[in-house]
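For the record, the sequence lines run as chains A and B.
Positions 1 to 309 (this note's numbering) are the ones given, in order, by the first sequence.
Positions 1001 to 1314 (this note's numbering) are the ones given, in order, by the second sequence.
Since the hints were derived computationally from the structure, they do not count as laboratory data.
Keep in mind that a hint or two might mislead.
Stated by the list, open to error - Restraint ranges, calculated between C-beta atoms of paired labels, are given here:
id, chain 1, residue 1, chain 2, residue 2, range
1, A, Y46, B, S1279, 37 to 47 Å
2, A, T294, B, G1218, 23 to 33 Å
3, B, R1084, A, T294, 46 to 56 Å
4, B, G1225, A, N2, 26 to 36 Å
5, B, G1218, A, L303, 13 to 23 Å
6, B, Q1240, A, L303, 16 to 26 Å
7, A, R74, B, P1269, 53 to 63 Å
8, A, V120, B, L1291, 32 to 42 Å
9, B, K1312, A, Q135, 28 to 38 Å
10, A, N2, B, P1269, 45 to 55 Å
11, A, Q109, B, K1217, 21 to 31 Å
12, A, V131, B, T1286, 44 to 54 Å
Ideal placement from N, C-alpha and C gives every residue a C-beta, glycine not left out.
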Amino acid sequence: MNLYLPIAEISLNVFVLVGMGAAVGFISGLFGVGGGFLITPLLIFYNIPPAVAVATGANQVIAASFSGALAHYRRGTVDLKLGTVLLIGGLFGSVGGVLLFTLLRRLGQLDLVVSLLYVVFLGGIGGLMLVESVQSMLRSRSQGSGEVRRPGQHSWVHGLPLKMRFHRSKLYVSVIPVLVLGALIGLLAGIMGVGGGFIAVPAMIYLLRVPTSVVIGTSLFQIIFTAAATTILQAATNRTVDVVLAFLLMLGGVVGAQFGTEAGRKLRGDQLRALLAVLVLAVGLRLGFELVVTPVEPYTITLPTGETG
Amino acid sequence: MIGGGRIGRGRRTISRLAWTRRIVPAVLACGWLAILALGAEAQDGNESFEIGLSTSTISISSDFTGARLVVFGALDNADSRLLRQQRYDIVVVLAGPRRPVVVREKERTFGLWINRGSETFESVPASYALAATRPLADIARKELRERLSLGIDDLQLTNVPARVAGGPPVAGGSAAVAEIQPNVGLAERRAIAAGRPPETAAVDAYAEALKRIRERKGLYNQSVGAVQFVSPTLFRADLQLPADLPTGTHTARAYLFRSGVFIRESSEPLYVRKSGFESYIDDMATRYGVLYGIAAVLLAIFTGWFGRLVFKRD
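When you get a sec, could you build the whole thing from the sequences and use the hints?
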């Protein structure tokens, strides 16, 4: 059954779109990532103009993360205080990101920058996480909980001033790295159409040393707002949010997210991290491959504003 | 000079003589009309030629998957002997709204494929469907096809002077080379700038690429034999329109040829617009961007909450 999407201006199969949403929603609930880094490339692959895919991806991410965050909230695995501080940084980042998005699109270099960012961040984070989680799994085979946190161990991050106590995360840390992390997430969210979960999750785990269980809920909480800000800004500046498309993705997404959250409880922290690492690496490698390999068509057509023509 | 365009060259002349900015297009337009009038007059065609469309408006609703447009036409006062010998040819074109586009070319730079060169075309039809009685090459000479901007290969695209990445625009006094060259690909541009003759023939690589990409997407298509005479005076043309048909005012235009000579043309507008719910959404997104964004966020939050309620697994 095909449906004409009013903003994307293309007629596509409804079931494929709902299915796409469900698959990404499952991953979203499982890892506490919004799934934007998966949905955006998938939509582009399915012939949706990249600008619409980025903005609509952000919209769909809200539903999946809200659904997932509710589940985590009931279980008490959301650190509202930490999430709020991340958000304050994130809102500034979002504005910068959307402005940068508009500028890069006009210059015709948006695709390149987005791909490079994905490759650098996904490759780096994925690689580090994979190494760490495998080591942790090997270590914990004999004993331990599979948690990163070890008592008495501090990184340079813990030496910064303006310290604040986050009870739920069992954390006493400076607000500076939290704000900077939030801003970085917001910036990437604006340019890449992602909630930033794939950066927030490892950064909270490894830099801030938040327990994995709390990280996922807090990340989802934070993503709701970053993605909401991105959606509104994209709608206001680039008019690229397709609600019909977003709604179809959400329908699948919320169902998938509930199953994903359930599946997530059956896995250990290190196993979750290793799986997420593999997924992140795979997406990063695929995008990197496209940058290097000779394209079939070296020419592209856009409108002067950078929209796909 | 292929594809780069007669009109393109005209534009460069204009930019050099700023004071004629307003006059030259008018002169060009007059010249154009004169050519058309001459073409018709010189052949003392008595033939009258009218077309009508099967519909004047195409509404794009939620179940739109492309459409077929039938163009009917009447050819009166035709020479019956020539008609019997099938010496009359008809070409029907549906051209979409003209829009400016930028075509970019990727080049390997430090191992990565990066957009380097670009060319701006000021007025390019968003879609182009053509139906003809016979192959275009058999209907009219190349020069005539170029003049009429007929067929995908000879479609004239209005362009502005080329630009090489990092360098200044190749316009004005400094680049006499670019004045006489069509907008060629990056490799050729560098060769020209270095004073070497380009290795390949100077075709407008960007215009070619634009046509190639749009043809592959089905936005540009042409079919031979899709115009048929249903009676000695009546003909019909079937045009296939793609699912991503651009909205706006399209122009259906029929060209009449007699033994390779252009006789006259007739045109009708076709309006393509989104209808019902789609047009409402589009309208909201354009006019009330912020409110639309907020509504989209609320919808997402509601869906998330509702989904959690219904599909709760814990």
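Do the hints match the structure? See the list:
Under the hint 37 to 47 Å, the C-beta atoms of A/Y46 and B/S1279, about 24 Å apart, miss the expected range. At roughly 25 Å, the beta-carbon separation of A/T294 and B/G1218 lies within the given 23 to 33 Å, and the hint holds. A C-beta distance of roughly 55 Å is found between B/R1084 and A/T294, which places it inside the suggested range of 46 to 56 Å. Look at B/G1225 against A/N2: about 29 Å separates their beta carbons, and that is inside 26 to 36 Å.
Distance hint for B/G1218 and A/L303: a CB-CB separation of about 19 Å, consistent with the stated range 13 to 23 Å. The given range of 16 to 26 Å is respected by B/Q1240 and A/L303, whose C-beta atoms sit roughly 25 Å from each other. The hinted range of 53 to 63 Å is satisfied by A/R74 and B/P1269, whose Cβ atoms lie roughly 59 Å apart. The hinted range of 32 to 42 Å is satisfied by A/V120 and B/L1291, whose Cβ atoms lie roughly 36 Å apart.
A hinted range of 28 to 38 Å for the beta carbons of B/K1312 and A/Q135 is consistent with their spacing of about 36 Å. Here the CB-CB span from A/N2 to B/P1269 is close to 28 Å, at odds with the stated 45 to 55 Å. The hint said 21 to 31 Å for the Cβ distance between A/Q109 and B/K1217, and at roughly 23 Å that hint holds. Taking 44 to 54 Å as the suggested C-beta distance range, the pair A/V131 and B/T1286 conforms, at roughly 49 Å.
When held up to the earlier numbered hints, the structure conflicts with 1 and 10 and fits the remainder.
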